[in-house]
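Assemble the dimeric complex from its two separately framed chains, guided by the hints.
Chains A and B are the protein sequences, given in the same order.
The numbering of the first sequence is the working numbering, which starts it at 1 and goes up by one.
The numbering of the second sequence is the working numbering, which starts it at 91 and goes up by one.
One thing to keep in mind: the hints can contain errors.
[Claimed, not checked] Which chain B residues face chain A? A few, computed with CB under 8 Å, are given here:
{"#": "1", "residue": "181"}
{"#": "2", "residue": "233"}
{"#": "3", "residue": "241"}
{"#": "4", "residue": "355"}
{"#": "5", "residue": "356"}
{"#": "6", "residue": "359"}
{"#": "7", "residue": "363"}
[Stated by the list, open to error] Covered stretches of chain B, going by a simulated chain A footprint (3 or more residues, C-beta under 8 Å):
{"#": "8", "region": "110–120"}
{"#": "9", "region": "244–255"}
If you're looking for bench data, these hints aren't it; they were derived computationally from the structure.
Fair warning: this is a prediction, and the values are worked out from it, not measured in the lab.
From the three backbone atoms N, C-alpha and C, an ideal C-beta is built for every residue, glycine too.
Chain by chain, the residues run as shown.
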Amino acid sequence: MHYATPQLMEELTACIACSECLLACPALAEAIPIKALNWETLHGPLSPDIARFAQRCYQCGACVPVCPVGLHRDAMMLWLKVRLLLGPDS
Amino acid sequence: MTRTSARPPIQAGYPMLGSHGSRAQWLARLTALGIGICLIYPLYLYLHSDDIAPDSAWGYGFAICGTALLILVGVSYSVRKRLNRHAPIRLHTMLAWHAVGGVVGVLLIVLHSAGNFNARSGTYALYGLLAVALSGIIGRLIDRLCPRLATAAAAQAMTEAGEDRLYALEQKLEAAQQLQHARRRARRPRKANMPWDLAYHTLDPENDAIPGLLTHETMSGTGFVPTRAWRYVGSHTAQLLPHQRPFADYLHQQTTLTRAAMGREQFYLHMVRVWRRVHVLLCVAALGLLIWHLTYAAMLLLDAR
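Next comes chain B alone, as it looks inside the complex (with noise of 0.2 Å):
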């Protein structure tokens, strides 16, 4: 009989959209599924009624209905995110709850619009509550594709022993360097007037030698793209040798493709956070919108009587 291994297998790839749902995604999901399926017959009697209006009894079925929901799903997802971290709801099933909920309830508010579209307080209010409900889809689908796109941005400004890559050259441009000054003084014959104390030589690199070490040989195999190296050797490209101008138009080329992927790796963690803001305050506006909205309608249902 052989034995199987109980060690997890090895998990690699990271597709473009991340993963598929979590289960208490799919449960919100389904069960926003199932709350719909039941309103079909409702809505089909609905839509066959004398009485298709905002201010019907369906109408306000579906206002009261919609806003207790957007209300319920948007609050408690708040209070759960910034009050209670020990609750005994995950944040995630109250985030999946709360990005379904947002969808129907948002649907059954454009139900008790009727399709009456005219310029009132109402019609702000819904286009307020289309824009919170479309910034939250599209979020979603930020939150799924941006970290991707950061994640292949940072490995492409990281080596592959996990280091930054524009420290990791430079860090081997200056042991080149080192190296090659230490090669030349070794080589230079010692002058026979030269100081016997230590404290006379200069400690100083010879800076009139770093151009010569972007040769390949010094370089070759490195890889690397240098920053503070780079922008020495920027100012000495006037004395760079013919032979050395393409190798420094390699690093020049580098560096640029390296501080362009960690720019896009930046670029696309700022998107994630400031969507999540554009969102917050889309759902701010809405609230200011649909409190005028019940405040205006309210008005009217107190002087009819």
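Just chain A, same shape as in the assembly (with noise of 0.2 Å):
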């Protein structure tokens, strides 16, 4: 399910960085820093990668339950979905 901005926010703060959730998934083919795949999901524009992953990312859930913080990964990159979708001026 879609987060708001709020919520967003919020579990964007909490995420730690350690990347367990990246190691877990089945859809991303190439290395990306987690902390630009935070900063992206909310600022600025997408890079390539980010935007690649994005729109492989198929919400799985995989990245749910290894998550040590309890976060969900998969709303996060609906959510990068949406903006991706949307356009730049998102």
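This is the structure in structure tokens:
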């Protein structure tokens, strides 16, 4: 389910950048720094690597149970997908 | 000399079937294609030989290669997924080989059958494997299509500012209600016998004033839909004036559309996860049929000797 901005900001702040979600992801084809992913989820233009990752993410939810903080990376990725869909002005 | 900016280009757009394949996926596909091309000549020899049967030398070869490949790609992906997250090979790479190896393995098993589809254990095992391969192919299509559709639905259920559309409208309607209430209170003449002590004033809003808020004047420019407020309005429909009804209908329509978008989003996201379980269940069933067939074939071979 999608997040609203306050929820998303809370989760991004709570992320400890351990990258467990990325290690468990079957859609991640190339290494991506999780801090860049967190930053671009909410701010600024999307870099090509992260845009490709957002397109390839198929919301399987493999990233959720491995998170030691209990965050929902799938919902954050859905947000990123919405940004991608709506374009750079979103 | 002009200097170009090092800033990466802005990526926008989300095609319906997602991105092109990754390097790992293309490598796996090209390897499978290479294996297929290498098998053309042996296959030609097999099809023109006198011994085309599941229990021929070629048939056994196809069976052993196909079964070994299926077990290898199935078990390795499952183990990599569950046990070792810090392994040197990415899960994405393993998934690419899992998909390609699964399809090639099932094709080898089809060759092993040699067009023999009698009602025996081998035929049921073959049908099971075909179902697994088909569910995997459909699953890959669902993986590409459903997240894109869920994204479109989520975009409809959110405002441009990234807030939940229902919640945002509810907030705006409540703010408008409080403002209208404050205006009415300010316009009301102060009664002479009104108690000076604030404890005697009720803090509850005047419920009968809410239908009056549903005018284009108070709600113009909001563009959002309430949930709690709409339920309240729904229970006071009889109190609405004729000029307020079109806007109430508009609110009802917007609520329905937003809820439908949220329902679609949930459905598409569930579809991805439910289909994965269907694929795993079919794998378990096909494995059972395969073990049955192998046991049956082994007994036949032992009896023949």
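Right, here's what the structure says about each hint:
With a cut of 8 Å, the hint placing residue 181 (chain B) at the interface with chain A holds, because the nearest CB-to-CB distance is about 5 Å. For residue 233 (chain B), the suggested interface contact is upheld, since its CB lies about 4 Å from the closest CB of chain A, less than 8 Å. This hint holds: residue 241 (chain B) has a C-beta 4 Å from the nearest C-beta of chain A, less than the 8 Å allowed. The interface hint given for residue 355 (chain B) is met, as the beta carbon of that residue sits about 7 Å from the closest beta carbon of chain A, less than 8 Å.
Satisfaction of the interface hint for residue 356 (chain B) is found here, the shortest Cβ-Cβ separation to chain A being roughly 7 Å, below the 8 Å cut-off. Annotation: residue 359 (chain B) was flagged as interfacial toward chain A, and the flag holds, the nearest CB pair being 5 Å apart, inside 8 Å. Restraint check, residue 363 (chain B) versus chain A: the minimum CB separation of about 6 Å is within 8 Å; hint holds. With a threshold of 8 Å between beta carbons, the proposed coverage of the region 110–120 of chain B by chain A holds, since 4 of its residues qualify and at least three are required.
Counting residues of the region 244–255 of chain B whose beta carbon lies closer than 8 Å to any beta carbon of chain A gives 9, which reaches the threshold of three, so the coverage claim holds.
Going through the hint list in order, the structure satisfies each hint without exception.
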